[in-house]
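First to last, the sequence lines map onto chains A and B.
Numbering of the first sequence is given in my numbering, commencing with residue 1 and proceeding in unit increments.
Numbering of the second sequence is given in my numbering, commencing with residue 1001 and proceeding in unit increments.
It is worth saying that the hints were derived from the structure and are not from the lab.
Warning: the hint list may mix true and false statements.
Unchecked claim - Pulled a few chain B residues facing chain A out of the computed Cβ check, cut under 10 Å: (1) Glu1086; (2) Thr1160; (3) Val1164; (4) Gln1165; (5) Arg1167; (6) Leu1178; (7) Gly1180; (8) Val1181.
These figures come from a predicted structure and were not determined experimentally.
Heads up, the beta-carbon is just placed ideally off N, CA and C, and yes, glycines get one too.
Listed below, chain by chain, are the residues.
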Amino acid sequence: MATLTVSDLCVSYGSVEAVRGLSFECSAGEVVALVGPNGAGKSSALLAIAGGNRDARLSGRVELDGEPLLGRAPERISADGLVLVPERRRIFPALSIAENLLLGASGWARRSQGLVAVEEMLMRFPALAAAPDRPGGLLSGGQQQQLAIARALMARPRVLLLDEPSLGLAPEMVKRVFALIADQRRGGIAVVLVEQAVLGAVRLADRCFAMRKGRIDGTVTEDRLGRFVDAYFGEVDAVEAVR
Amino acid sequence: MTETIQDVVNAVSLGSLYALFGCGLALVLGTARIANFAYGAAIMVGAYLLFLLADLPWPVVVLGVVLGVVALSLAIDGVAFRPLREADPTTLLVASFAVSVLLTNLAIAIAGARTKGVDFGSSLLGSVDVGGVSIAKLDLLTIALTAATLLTLTVFLRRTLLGVQLRAAAEDFTMARLLGVNANRVIAAAFAISGVIAGLAAVLLTVRSGTLSPDLGVQPVLIAFIAIVVGGMGSLAGATAAGFLIGCLSVALEVLLPPDLRPYRDAFLFSLIIVILLGRPQGLFGGQQVGARV
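Okay, chain B solo, but in the shape it has when bound (with noise of 0.2 Å):
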């Protein structure tokens, strides 16, 4: 019984870390139609920013990380994407492969490929006691922090101006144009808020992890597109909870399969995954094609 609550909580808390990770994504893609490799590529440089800060004190690590990140991703769109609005999503598709390769050799160059150990939130690998249960902290706060960031998502999106511009944009960018909302603004938002995504997936990842590596983002943006691919293009709600459920199957896996099965968990995970998009090409909770950019 320990065991089983010990497992699902550990489901729920992958699940909310893979949540992150499409919210993220989709959120761009959704609003912008950009489809940004280079998202992985911003929670790598997180996670180096949190390497470089890790002596501060911890709330001023987190917001420097999330700072830095949301900075990089107004970077990248300024930079790649403002003066490429008007191109065909292929053009956008390979500045953002772009802009990730750059990014990630210049994290080579900086800090070597080697990777790196992480001192941080190293007090938050113990576990507290619940109810005769132990429970990892680390889990308690990814799920904590995952409810906290999508539920403030969810007011922004419906309670500000610029968030139901965001929705609008979402749905017919040319016609909230054609409304007087702003596509520069409302593109920037979204990669603003897409950034503290992936500074906080950044800081999440690497206490996991403990450690860093230049590639260290290309597992994160992966998972997020198949996330966003499984929930149905052009649902933001749809890739996050895509993203739950593939990290809640991931450690489902990890817990039922035979122990001789389970180094192949992935293989058998993307397969329930090929599985899945079988019956439903369009996605799970999606059914609305992606439409014209700006």
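Looking at chain A on its own, in the form it has when it is part of the complex (with noise of 0.2 Å):
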């Protein structure tokens, strides 16, 4: 059975309907990825799997190992072991980076406990570690995705949810945060990416699904890549799709 199923997910705000029954599976040590133009849904989807959009009408099923998600409060559903990093990473730019990362123990840790878990996460990313004690709204972009996905690491989730972590990285970075995504698959956990870089999204996923106008349409393959990129992304973009 697969680690996250969602079935005929429904997102919408007042009357405009972002996601329009999306379904996927999502296996432990998988990675699948979502990729489409701007206004597709794939931000509002994983926000509403996750929990974060209080706001929004939900309708659907999402469910974690065969217990329902849908409509629990986010810091349960983080708890339960699904994590996402949202949409331009919402680091605490006035907390350090330590502090950062001890929020992502909040559901399972006391303070002691949630120190040494930030000691051993910092060995892990060497580019946080020379600065523990930095604001990190002082970082760089790099630095702030990294740091965005070691903290949410720091739940030790079963399944990651990743909204466009290479938006706004210089290609070395993005490269630096993909090999991350593929560390993370090999460690067993169920990885589900929203990207705009579609080349490297197609080429570190297992499976790449297009979606459009709030649902997927199609699945995305290297050697399709260009028919893909034509049809949903037109010229102008299709140089930011494959880079």
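Quick one: dock chain against chain with the hints and give me the complex.
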């Protein structure tokens, strides 16, 4: 059985339907990518799965190892083992790197246990370990993305949702972040990845779905990438998409 | 010279009291995003508790008042605000007015609308001699108690997991929840701390005036809101510092204004505040917008 099962998920804000019947599965040790143009409903879907959009109307089913998640409080979902690294990372700017990480352990740890886990996590992320007392707001985009992923890993998730981890990063840093995601897959985490950088996502993911108008309407593979980009992005955004 | 020192101590003392007002209200506004007008009523209830307990030994009185106001604050959160967690800020504001009106009228129904004298802490009304200058004991106590309270709060916010969670919730509540921070627990903690501060403020305020009446919480909550706006919405340190500044300014005007203008002290004070806000609409120490609620 898949670790994460999403079936017929719908998300609407007032009269706007952002997600209309999204269904997919993701198993432990697997990366599933969702790609598509802006406004396809990718971010709304991830936020809904993690419980983060309280003002939206939700329907459908989301199950984590058979347990229904939809409508639960986000802190419950996170404690149950599903954690989102949201769009634009949402690092706490005034809190230090170490404090940002410590918060990731909120669902399971006392402070002393959390601090030990922070030390262990810093050893895995040399870029963060150099100055753990630095405020998160002063970090570069690449450091912030690493911090966001490390912070999510502090919750010891079974499922990791990543929303546009490559956004705004230099190509070298994108490679490093994608390698980091591949590491998590090897560690047995089920990873759902939303990306605009389609080429990288296609190469990394075990399965890559194209999303348009709130639902999946095809599978993207590397050899059919050109056709996908033409159909979904038009010429202007194509360069960005295959970057 | 002696008089100047006394005036400065007096200003720092009133500033400390106002800093407490601002800090307690800003804590709940910053984390729970509730403009809690019932904060003034909580201070008022604390003063009446003090009136009830006044004959007991003073540590029991202070502890009783603080614990009572903490319990009241938690009850206000649990009964009035928790069912409205997903509601918009206006609804919460109206709910806080409702709680405030309810508590004030309960006080009138139980204790009557008349102003009462309180015989507590009269030993604090004397002065001590510090290097040849006579300083009011109550002023020293107010300053020391405020310093201790703010120091404890700072240590709590920096050195405990719950404290870090409170600071995170103040920056981005939804993100904090996505990381497993329990929303109800964090908000209850903010109300409890706000209750401790309101309780201490009630004691200081009542000893200072020696009287109590059902509308006693109105001025503190007004000052607290002004402090929040002047300090910069969303900044706890800003609201505390602005409260301090307003208290100091108030005493400075009292001293510096010519005697026939002194009755209009508050008009001068609030005009100054308007001038400050015209120059820095985002507040003195702020700049950051109050973000989305839970």
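*Hint status (Cβ of Thr1160 (chain B) to nearest Cβ of chain A, threshold 10 Å)*: For Thr1160 (chain B), the interface hint holds, since the closest Cβ of chain A sits about 6 Å away, which is under 10 Å.
*Mind checking the CB of Gln1165 (chain B) against every CB in chain A and telling me if the closest is under 10 Å?*
Since the shortest Cβ distance to chain A is 6 Å, the answer is holds.
*Can we keep the Leu1178 (chain B) interface hint, with Cβ of chain A closer than 10 Å?*
holds, 5 Å
*Would the stated hint for Val1181 (chain B) survive a check requiring a Cβ distance to chain A of less than 10 Å?*
holds, 5 Å
*Can Val1164 (chain B) be said to touch chain A, with a Cβ gap under 10 Å?*
Holds, about 5 Å.
*If you take the shortest Cβ to Cβ gap from Arg1167 (chain B) to chain A, is it below 10 Å?*
At 6 Å from the nearest chain A Cβ, Arg1167 (chain B) passes the 10 Å test, so the hint holds.
_Per-residue hint verdict: Gly1180 (chain B), partner chain A, C-beta under 10 Å_ = Interface hint status for Gly1180 (chain B): holds (3 Å vs cutoff 10 Å).
*asked:* Does Glu1086 (chain B) hold up as a contact with chain A if the rule is Cβ-Cβ below 10 Å?
replied: holds, 6 Å
Checked against the numbered hints given earlier, the structure satisfies every one of them.
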